[in-house]
Amino acid sequence: MPETFRLDFTVNGQARSLDTHPMARLLDVLREGLGLTGTKEGCGEGECGACSVLLDGRVVNSCLIPAVQAQGAEVVTVEGLAAGGGLSPMQDAFLAHNAAQCGFCTPGMLIAAEDLVRRCPAPDKEQVREGLAGNLCRCTGYSKIVDAVQAVARKEGQP
Amino acid sequence: MIGASTIRKEGRAKVLGTAKYTDDLDLPGALHGVTVRTRCARGVLRGFTFLDGVPWDEITVATAADIPGRNIVASIHDDQPFLVEVGGTISHPEQAVVLLAHPDRQVAEKARGLVRLEVDELPAVLDIPASLACDPVIHGERNVLKEILITKGDADAAMARAARVFEGEYRTGAQEQLYLEPNAMIGTVEEGPAGREVTVSGSLQCPYYVHDALIQLFGLPAERVRVVALEMGGGFGGKEDFPSVIAGHAALLALKAGRPVKIAYDREEDMAATTKRHPSRTRVRTGFDAEGRLVAMDIDFVLDGGAFTTLSPVVLSRGAIHACGPYRCGDVRVLARAVATNTPPCGAFRGFGAPQSLFAIERHMDHCAREMGLDPVDLRRLNFLRKGDTMATGQVIKDDLDLAGLMDRAMEEIAFRDLQKAYRVRNAWDDPIKRGVGLSVFMHGCGFTGSGEAHMASVAGVEGREDGTVAVLAASTEMGQGKNTVFCQIVAETLGLPVDLVEMAEVDTRFVPNSGPTVASRSTMVVGKILEDAARGLRLALLQGGFLAEPYTPAQFRAAVAAARAKLGSLKAYGQFKANPEAAWDDKTYRGDAYPNYSWACYAAAVAVDLTTFEVKVEDFAAVQEVGRVVNPTLATGQIQGGVAQGIGWALWEDVTFREGRMVNNQLTNYIIPTAADLPHIRVAFLEAGNPFGPGGAKGIGELPMDGPAPAIANALREALGDLRLDEVPMTPERILQRLEEARHA
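Listed in order, the protein sequences are those of chains A and B. Using UniProt numbering, read the first sequence as starting at 1 and increasing by one per residue. Using UniProt numbering, read the second sequence as starting at 1 and increasing by one per residue.
Hints were generated in silico from the structure; no laboratory data involved. Among the clues, some could well be false.
[What the hints assert, rightly or not] With the C-beta cut set under 7 Å, the calculated list includes, among others, these residues of chain B facing chain A:
#1 Leu548
#2 Ala549
#3 Ala645
[Claimed, not checked] Taking lysine-lysine and the DSS-like style, the derived pairs with C-alpha atoms no more than 27 Å apart in a straight line are:
#4 B:Lys152 - A:Lys125
#5 B:Lys578 - B:Lys567
#6 B:Lys617 - B:Lys421
#7 B:Lys588 - B:Lys152
#8 A:Lys125 - B:Lys617
#9 B:Lys434 - B:Lys588
Where is the CB? At the ideal position from N, CA and C, for every residue including glycine.
The task is simple: from the sequences and hints, build the whole structure.
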């Protein structure tokens with residue numbers, strides 16, 4: 001077994017440091033190492049997107065990323081989205097539009113949605129659907145999720 | 001409160017990521033459990049050996065020899081063991097033989113690969129034709145798990161008199177529920193003052209099913225077994241009966257280890273080993289008079305039940321009762337059989353047998369219309385059930401029923417006739433994209449079939465808490481459908497309170513009564529009605545006890561609850577299911593009122609098929625349903641949209657492939673479910689009608705959306721592809737190409 005190494009990175013704005021195995025998955029480091037269980041494992045092969053997190057501002061499937069790749073990086077998980085005890089506008093819209101049903105895809109879906117709106121501030125329905133196609137949801141049929149994302153985009157697009 | 005789009009009760013925790021699902025719980029000292037499976041479709045287990053490579057002395061091992069009670073997973077028939085015994089029969093490749101647990105998940109995984117089974121293999125039965133041919137016999141005398149015959153009038157005589165007779169065969173494949181959260185369960189066994197106590201908590205739909213299974217596995221009295229339903233990442237029926245198996249495994253390992261044990265399946269194991277939708281084969285023969293009125297129906301409906309009986313008899317029952325669709329016909333015969341094969345047992349999945357038989361009848365009606373030179377819409381209109389008509393089981397439609405109006409509304413929603421006209425013109429052009437529009441009309445019986453609810457006699461309650469708020473006591477579980485919210489709305493409405501003063505109590509068999517399983521679109525209609533009664537009881541107790549006077553404000557209600565609790569110690573009121581005295585059902589003859597009520601729907605789909613790739617895209621979809629009163633329009637719409645997405649997936653892409661009884665595409669890379677980019681916006685409309693059985697008039701909602709999409713899409717594809725018939729689900733590009741090739745060579 002290869003030796004452990006010290007992983008230093010920033011998670012949700014906080015500097016974190018822990019000993020882990022170089023090939024440990026970022027997902028396991030977050031969930032088991034740091035107790036950030038908001039990030040879920042749905043398939044373990046990068047297909048469902050439930051484990052999506054932001055790594056230096058890019059959406060990644062944390063089940064595919066070796067932890068070593070997060071060395072010195074900035075990671076944002078669902079736990080990092082809420083600001084000042086309240087919900088982020090996207091979380092608020094997901095709640096208001098019933099975009100979270102069983103809620104298991106929701107953390108990853110929120111990460112992907114936040115990233116989408118940042119990259120494309122006023123997406124049309126098709127752009128939202130394309131933008132979220134890496135995140136599977138089995139409950140909603142996606143319509144309410146698309147509504148929620150568009151509601152945020154509209155609000156933020158206003159002067 | 002009823003009729004308001006109240007925000008989902010547990011929604012805030014879900015969007016914050018703080019909601020704790022089973023595998024999110026980190027129990028100090030807990031072990032990780034894994035399962036060693038047979039990997040052989042049929043045979044006899046001779047023994048097993050443990051190969052070198054892991055420290056076996058650190059690993060907890062449990063086998064059938066460690067079971068304190070019965071080695072049977074409690075269900076309808078006692079034919080499924082928790083673990084295969086040495087010398088016992090192997091009936092499918094995913095049966096559990098040995099359970100292992102270790103503090104380190106990786107070590108447990110490695111150990112799993114180091115158990116060798118010694119097996120004498122036997123020839124297996126792998127599909128419906130082989131099972132029907134008894135080649136070989138693997139169950140009973142002729143491989144039949146359950147047979148049902150429904151007769152009304154004389155189908156043979158009527159068929160002989162018919163002006164036209166049509167036949168068709170329709171097939172549907174297995175479908176994986178694919179809840180996003182794989183199955184997970186935590187077992188704990190402790191020595192209490194009265195002896196051994198077993199607790200299991202996890203992802204499960206039916207706490208009291210698991211409770212019953214554990215009582216029998218451990219041979220313990222009910223009060224020393226406890227089951228807790230945790231946050232659940234979807235179920236769709238997939239967590240109805242299978243969790244009993246995992247719960248038993250986790251608890252057995254916990255007994256052996258003397259420590260808590262968590263078993264969390266990964267996606268591949270979950271897909272391979274757990275239940276799926278039953279594959280089906282339906283032969284439909286119908287006779288019509290000269291005007292196109294149905295005069296005879298003869299339906300032969302077969303489901304592949306897999307290796308054990310599990311829930312197949314009741315899935316079969318629902319499929320059989322729905323087999324005639326929403327049509328009036330005087331003379332009917334439905335022969336329904338669930339047959340055994342050497343694949344993992346099939347189980348509950350949204351729709352529960354009805355999607356299979358409704359696909360057949362709704363495809364068949366389109367086919368008959370075209371053969372007779374009639375418009376499929378007109379043929380349906382001519383034959384719809386109406387108030388006063390008698391269904392196949394003899395149930396009389398007592399409510400006002402306007403299926404033609406429902407169909408018109410769905411057609412309007414999608415501009416059916418305009419699309420049809422435009423597509424017919426454009427399909428003649430030299431363009432590889434062909435388009436079509438099609439529809440299906442169907443119903444879904446609400447609640448358990450027949451006398452099921454009366455036998456179950458469910459109980460639910462409400463409790464006034466110390467702070468004056470009210471808790472809902474029910475064993476019904478939240479899996480995303482919105483039960484937490486809807487139950488609170490029903491109780492709040494009955495008590496005249498704002499919904500934030502009502503909360504769900506934790507679903508723990510130690511504290512909540514048995515309100516029955518969370519299945520069959522029964523929660524809102526059946527349990528909701530019981531809760532309405534219970535809440536009335538609480539209100540009456542407060543009023544008559546002098547704690548409260550009408551009219552009251554929420555603050556006065558809270559004060560009254562607090563005062564009553566302080567005086568009485570506890571403040572609980574319960575309700576119990578009351579059967580409709582006018583409803584009658586005979587399980588032996590299959591005659592009578594099969595359901596207290598039906599929900600009705602028409603779904604319309606506009607599709608495009610690319611004749612270069614044979615890929616199908618659903619471009620528009622309208623779902624219109626009459627479901628009684630809608631308790632929460634936003635949640636109900638979301639549930640329908642999600643169900644339709646699952647139905648579209650089943651229709652077009654979801655193709656469970658078995659090889660020697662094992663699912664071989666048990667990964668999300670090769671089992672394809674729809675993404676956001678694959679689906680249109682799903683239009684949803686509700687028509688409301690009265691229903692005396694449900695709270696505020698509500699009926700069941702959740703399963704309708706699985707029944708309608710596949711036949712609507714198949715009927716639309718028939719329009720797009722001219723004379724080509726697609727009578728098999730899923731309609732993958734490969735199948736469409738194959739049918740086109742066959743048609744070309746015919």
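Right, here's what the structure says about each hint:
1. Hint status for Leu548 of chain B: violated, given a least beta-carbon distance of 33 Å to chain A, over 7 Å.
2. Here the hint on Ala549 of chain B is broken, as its CB sits about 37 Å from the closest CB of chain A, past 7 Å.
3. Hint status for Ala645 of chain B: holds, given a least beta-carbon distance of 3 Å to chain A, under 7 Å.
4. Annotation: proposed proximity of Lys152 of chain B to Lys125 of chain A is violated, straight-line Cα distance about 50 Å (limit 27 Å).
5. Taking the CA atoms of Lys578 of chain B and Lys567 of chain B, the gap is near 31 Å; set against the 27 Å cutoff, the hint is violated.
6. Using a Cα cut-off of 27 Å, the hinted pair Lys617 of chain B and Lys421 of chain B holds, with the two alpha carbons roughly 19 Å apart.
7. Distance hint between Lys588 of chain B and Lys152 of chain B is fulfilled; the C-alpha atoms sit about 14 Å from each other, no more than 27 Å.
8. Taking the CA atoms of Lys125 of chain A and Lys617 of chain B, the gap is near 16 Å; set against the 27 Å cutoff, the hint holds.
9. Only pairs whose Cα atoms come within 27 Å are accepted, and Lys434 of chain B paired with Lys588 of chain B is rejected, the gap being roughly 49 Å.
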